[in-house]
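These are the residues of each chain, in order.
2 protein chains.
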Amino acid sequence: MRNNTVKLLSTLLTLMFVHLAAGQPPASQLNLMPVPEKVELLAGKYRLDAGFTVRIAGAQSGRLVKGASRILDRLTGRTGLFLANPTSLLDASAPAAGMLLTAGRQGELAPLQDESYDLVITPDGIKMTAETDIGIIRGLETVLQLLDADENGYFFPAVRVHDKPRFPWRGLLIDAGRHFIPADIIRRNLDAMAAVKMNVLHWHLTEDQGFRIESKAFPKLHQLGSDGLYYTQAEIAGIVAYAGDRGIRVMPEFDLPGHATSWFVGYPELASAPGPYTIERKWGIFDPTFDPTREEIYQFLTTFFAEMATLFPDPCWHIGGDENKGHQWDANPEIQAFMRKNGLADNHALQNHFNMRLEKILDKLGKTMVGWYTDAPPELNKKYIIEVWKGREAMYDMVRRGYRSLLAYGFYIDLIQPTEYHYANDPIPVDSVLTEREKAMILGGEATMWAEFVGPETIDSRIWPRTAAIAERLWSQSEVKDVAEMFRRLAVVSVQLEELGLTHIKNFDMMLRRLAERHPVDELKRFVDVIEPMYTYSRDRPHVFKSHYPLTRVVDAALPDPPAAREFDLLVEGLIAGGKEQEECLKSLTIRLETLQADYPRLMETINGSPVLWEVRPLAEGLAVCTTIGLEALELVKKQQKPASAWIEIRLALLKKAQVPSGEAELLIAHSLEKLVKSMARPDSPPRK
Amino acid sequence: MRNNTVKLLSTLLTLMFVHLAAGQPPASQLNLMPVPEKVELLAGKYRLDAGFTVRIAGAQSGRLVKGASRILDRLTGRTGLFLANPTSLLDASAPAAGMLLTAGRQGELAPLQDESYDLVITPDGIKMTAETDIGIIRGLETVLQLLDADENGYFFPAVRVHDKPRFPWRGLLIDAGRHFIPADIIRRNLDAMAAVKMNVLHWHLTEDQGFRIESKAFPKLHQLGSDGLYYTQAEIAGIVAYAGDRGIRVMPEFDLPGHATSWFVGYPELASAPGPYTIERKWGIFDPTFDPTREEIYQFLTTFFAEMATLFPDPCWHIGGDENKGHQWDANPEIQAFMRKNGLADNHALQNHFNMRLEKILDKLGKTMVGWYTDAPPELNKKYIIEVWKGREAMYDMVRRGYRSLLAYGFYIDLIQPTEYHYANDPIPVDSVLTEREKAMILGGEATMWAEFVGPETIDSRIWPRTAAIAERLWSQSEVKDVAEMFRRLAVVSVQLEELGLTHIKNFDMMLRRLAERHPVDELKRFVDVIEPMYTYSRDRPHVFKSHYPLTRVVDAALPDPPAAREFDLLVEGLIAGGKEQEECLKSLTIRLETLQADYPRLMETINGSPVLWEVRPLAEGLAVCTTIGLEALELVKKQQKPASAWIEIRLALLKKAQVPSGEAELLIAHSLEKLVKSMARPDSPPRK
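Line order of the protein sequences matches chains H and Y. Going letter by letter, the first sequence gives residues 1 to 689 in our numbering. Going letter by letter, the second sequence gives residues 1 to 689 in our numbering.
If we strip away everything but chain H, and leave its shape as in the complex, we get (with noise of 0.2 Å):
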C-alpha cells in the first residue's frame, strides 16, 4: 500500500469511528486552503463576539470595505453572531478594532501584481498587513478559514502566518460558449475562486455552438450567433467589477481563426467559404475558419476589439488559435493564390500571418497576446503567453524558446479524473531541469472547465471541490503535496464553499428526486454515490451529443470522483493490506455491501418506475452482482480461507461485465472489487490478522 494510501485511509478511520477531539490541533492540522506559505501557532485564542469591529487603516479602497463587509456577512451567517452594523466598519470614531487591516497600496489588476499578506492573530486581536489591498483579499479568506469553536464559543487561534503565493497566475476557464452559463453563476463561481485565492477568470466567450458577448458595433454576431443566450453589455461590466472586488482578473477569449461558427452565422463574409452559416449543434472541430486574406476582417476585428477594451479592461486577452485543420483554407484558390503571392508556405505560415496582423490590432489597444499551444510554434513577439494543453514536456520547450507560459495540462476538469490526478500535476516538479530564469516563464496554470457536457445545473459540481485541489497545487509550495491532508481540507472547504451559493452538493439529491419521480430516491442516491461518468473523451457514443441534448440523467448527477466510492475503495486497500486496520476495513466494507445489496429491491422498483433511470438498469444489476460477490469475499477473509481458482475466474468475468458502462456511467466499486478478488488469488493471501 501506498503511503498516501495508509495515510488517507487512517485519516478516513478516524473520522468514521473516532469523533473529532476538542482542543487546539496542531498547525498541520487547520482547516487552510490552500496552506500557506509559513504557518505558526501562537500561544492562546482570539475570541469572537458580537462586537467584533474591522477598521481599514493605510490605503483605502472599495475593494478592502467591500471584502472586509463580505467577511463579517460570512462570520455572521457561520456563526449566527448579532454582530454590529458592517456600515460602521470605517468609523474613525470607533473603539479599538477586533481586525486591523493595513495595506500599502490599491493592487492593480495585472499580472505578476503582489499578493502577499502578514497575519497575526493574539488573543488581543487580529492584525494583518499587506503591500496592496488584494494580498488583504486573500489573508481575509485565511482568517475565515481559521475560524474554530470550543465549548466556550467561537474563536481565532493565536497564530502567526506569512503567506504568498507560489505562481502568480491561477486560473479557472468557464467555456460559456459551448453551453452558455448565466452571470449569477459565473459570480458564485468568482466568489469560490476567491476563497481559494485563484485570480484569473478566464471566460471562453466565442464558440462554434455560440457566441455570447452582446456587440452594439455588430450586433448579428449576438442576435444571430446565439439563440438569444449571451452576456448583455452590463452584464459583463458587472462581472468585471464584481471580479475585480475579489482581485481577479478577468482575461476574455475569442477564439481565432477556427472555433469560429457563431461569428459566421451573421457575418458570413468573414469566413474563408461562403456560406450560408448556422450554429453549430455539435461537439468537434469544424471547418468555418476566417479568410485572412482579407483586409475587411483586420478592420472588422479593429473594430470589434476596441469595443470589446470598453468591456475587458485586464492587460492579456486570450486568441484560441488552436484546432484550425485548415480545410476552408484548402479549398479556397484565392486563398492559395494569397498564400503563393506572399511566399507563405503551409498553413502554419498563413495563420502566423493572421497571428501577427492580431497581434498588432492588440498591441495598439495595449493587450499582450495568449493562445493555445499549436504543434507548429508562434512566431511572434515574445510578449506572447501560450496555454499548454499538450504536456509539461511542451510547456518546457515553449519555455526554452522565451515564451511565457500556462500549464492547463493535467488540470482538463471536464474529463472527469481523480482529484489526486489534478493536484500531483506540479507545473515545476522539484526534479525540474529548467534554470530559474525559465522557471519564472511558467507563470501558472489553469483549471479547465470545457463545457460539452455541462450546464447551469451540474457546472458546479465539475468545477468544485476539486478546483481548490488545483488552487492549493498552484498557491502552495511544492513540499505541500500530501494526498490524505489535501482531502481531509477539501471536505471542509467543499462544505464552506456553499455558503456562497455553490450548488456542486446540493443539486446531487435535487436531480436524483427529479430522476426518481415520486418513488423512493434513498437508494438510488446510495447507488449513484458508487457511479461516475465515464472518462469524457469516451462519451460521444453511441449518441452524437448536440448541445440542446438533457444534462438531466444519472451521468449528469453523479459526481466526479465520488467520495463514497474513494472510501469503499481505500477500505479494499486496507482490507488488502492487512495490518492493524483490516479488521475496521473488513467491518465498514461488510455494513456498507450489506446495505447496498438490502437496498437492491427499491433501487430496481425505483428504476423500474421511472423510464429516464432505465439506461442504468444494467448498473444495478452489476451492483447486485458486486455486493454477492463483495460479501462471499469478505466471508472467506473473515474464515481466512483461500477460494478456489475457478471461483475467482467466475467472479473476475463477472466483476469485469459490472464494470462496462452503461448510461454513460460507470460503477466504481466494481473496480475496487476486482483489486480484492485479484488479490485473494496471490499465494500470500489472506493476509493474516
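Hints are supplied without guarantee of correctness; some may be wrong.
A pair counts as met if it fits within one copy or between any two copies, since identical chains are not told apart.
[Unchecked claim] In silico EDC-like pairs for lysine to aspartate or glutamate, Cα to Cα no more than 20 Å straight-line:
1) Lys45 / Asp431
2) Lys525 / Glu499
3) Lys525 / Asp509
4) Lys66 / Asp227
5) Lys546 / Asp73
6) Lys282 / Asp227
7) Lys546 / Asp49
8) Lys282 / Asp73
None of these hints come from the bench; they were simulated from the model.
Got chain H; can you put chain Y on it based on the hints?
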C-alpha cells in the same frame, strides 16, 4: 376526527405502506395544480418519444416560441429524451407536429386578460387552442403536469381540458426593500409563479430599509439609500421582459408617504422634518414621511414616476399608503398651518390630499393607482384598487363602496402559518352575501412575502410550496378544497419546482451542513424536521432585529409547515380516533419516536460542538422529553391501559415546557403529544382497537 383529517391520514398511510399502483388514475388523481375548471379523461395515451415536435399555428408571438421552447427543455430535462432541436419549432416543412398550439391573438399584459385554454390529448397528439397566447402559456404548464410513465415509457394521458381562472389577479408580492433579493432569484420565482399559473408580480421596491431601483433622474435615491443593493435599470427591464414572456405582469410598489426613510437619505428636503436621515436598520413603523404640503415633492415625483414609467409598463402601480402615523406632520408647524389654511381637518384628510395629487400624476402616465387598505376609507377616483390586509369583511366593505379590491389578508406567507389555513382562505366563500356585481369587483388576491426575516438563501422556502396552494385557491373553482388532495398534489409540484432552480428543498440540507460544521448532520436533520419557526409577529424578541443580522440559524433553516411534523400530527390524530388505521398509526409513531430517541446522543454531540446551535439545546432536551413521553403513551395504548391522572398531569406539564420556543423556533411534536396525552384522560380512552 374531521373529514379532511381522515382523508389526509389515509393518503399518508397509502404513501407509507403501499407503493403507487401502476396504470391510469382517475381524473381526480392527476397531479394538476391548480385544478382546471373541467377535466375529462379519454381513452388511451399519447406516447412521448424523441421525435416529438411542436408547431405554432394561429397568431405568432415571441412569447409563444419561447414558451414552447421552455416546455420542450423541461420535458427533455425530466425524461432524458434526446428531443429534436427546439429551434426547428416553426419549420413549416416539419412533419405533422406532436403538439399543435393555436392562439387567436397576442394577449396584453393588463388585468382582465383572457387566460382560458382548451386542451385535447388523444393517442394521435396534443392540440391546444386559446383566445390569447397567454392562455397557451397557461395550458403548456398543464401539459407538463400531465406527463406520466408506464412500463413502456413516457406518455400523456388522453384528456380533454377546458380551463380558465376564477380570479383575474393572482399575485405574489416580493418585498425587496427590507432584504434585497437579487435579480436571478426574482427570475426563478417568476418561473415558479408561471408553473402554477399566477400572473402578477407585486414588487415592493422601496422601504425604510432600502431604495432598490436605480434612478438616473435622482441618483442619490439608490446611491445613498440602498447600501449598493439595488436593481439596475437594465436588470429591471430584463425582469419585466422575462415576466412578460411568462404572461406575468409586474406591478411596482413605491411606498408613500410613509415607509420612506430610504428616499430621504439622499433627498432629506422631501421629508416632513429636516433630517439628516440614514437608512433604517430595524423593523417596524417609522416616522419619516413625505411632506405633502410642498409643491417640490410633486415636481420630484412627477419626474421620478415619468422615469419609472419607461421601466414599468404595467397599467397598475402600487403606492403603498398605509401605516403612516403622522408624527412628523403633527410636529411640523408649517404643515399644521397648511392644513388649517386648506381646511384639512386631520392627518387622514392630509393624506387624502396627497393621494389625490399622486393620482393625477399617475393618471397622466396612464397608471391606475393601487394602495393598501387603511382604516379611513379613501376619497379617490373609483378606478383606485384597494389591497386588503385586514380581513374579508374590510374587503367587502370596500367593494360595497365601489372600489375594486384584492385580498392579501390570509395570504401573509411571511407569518409562518399552515398551508391548509391559506388554502381555506377563499376571497368569496360559497356563503358570501355579496351581489354578483360586488363579487366581480374582487379581482383576486396576493401572497405577500414580506422580508423582515428572509434573505436570498431562505426566501424560496418561505414562498414555496405553500404559495402553490394559494395559486390554486385563486385559479380553481371554489369547490376545489379537499385538503388531503391538495397536499398530495403539492408534494409532486414542490419537487417539480426544483427544475426551475428553486432552492426551497435543497437549501434545507445545505443550511444544516453549515450549522453542524464538521459534525454529523443526519440526526440534526430529523430534529429540525419537526421544528418550525415561531409565528413571525412573536419573533422580534428577545432581540431587536436589525437588517444585517444572520438568516442562517436553525429558525431560518426550519421550514414553515414542515411535512414530517404534519405527518406526525396526523398519525396522532389517527391513533386518537381509533378505527382501522389505528394499528398502522401506532406502528409508524413508534418507529418515528424510537428513531428520534436513538438520535439524541449524537444530536447533542452535534449541538454541543457547534455554538450556533446552542440556542436550540432546550428544544433538543424537549425532544428527549417528548420521545420518552410519547413512547410511554404508545405503550399504554398498546396495552389498552388507562394512565393514572397523576401520570397525565406530570406529562402535560413536561410537554408544556417542551413547547416553549427557543432560538425563535418551536418543537411541533410537543403539541401533537399534548393532544395524545389529553385524549388519554378522556373517559372513553384508550379507544378500542
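Do the hints match the structure? See the list:
1. Lys45 / Asp431: neither (40 Å within a copy, 68 Å between copies)
2. Lys525 / Glu499: Cα proximity of Lys525 and Glu499: across copies only (18 Å, versus 23 Å in one copy).
3. Lys525 / Asp509: For Lys525 and Asp509, the Cα distance is within 20 Å both inside one copy (7 Å) and across copies (15 Å).
4. Lys66 / Asp227: between (36 Å within a copy, 11 Å between copies)
5. Lys546 / Asp73: between (42 Å within a copy, 13 Å between copies)
6. Lys282 / Asp227: within (15 Å within a copy, 45 Å between copies)
7. Lys546 / Asp49: between (54 Å within a copy, 17 Å between copies)
8. Lys282 / Asp73: Between copies only: 17 Å across chains, 44 Å inside a chain, cut-off 20 Å.
Comparing the model with each earlier hint shows a violation of hint 1 alone; every other hint is respected.
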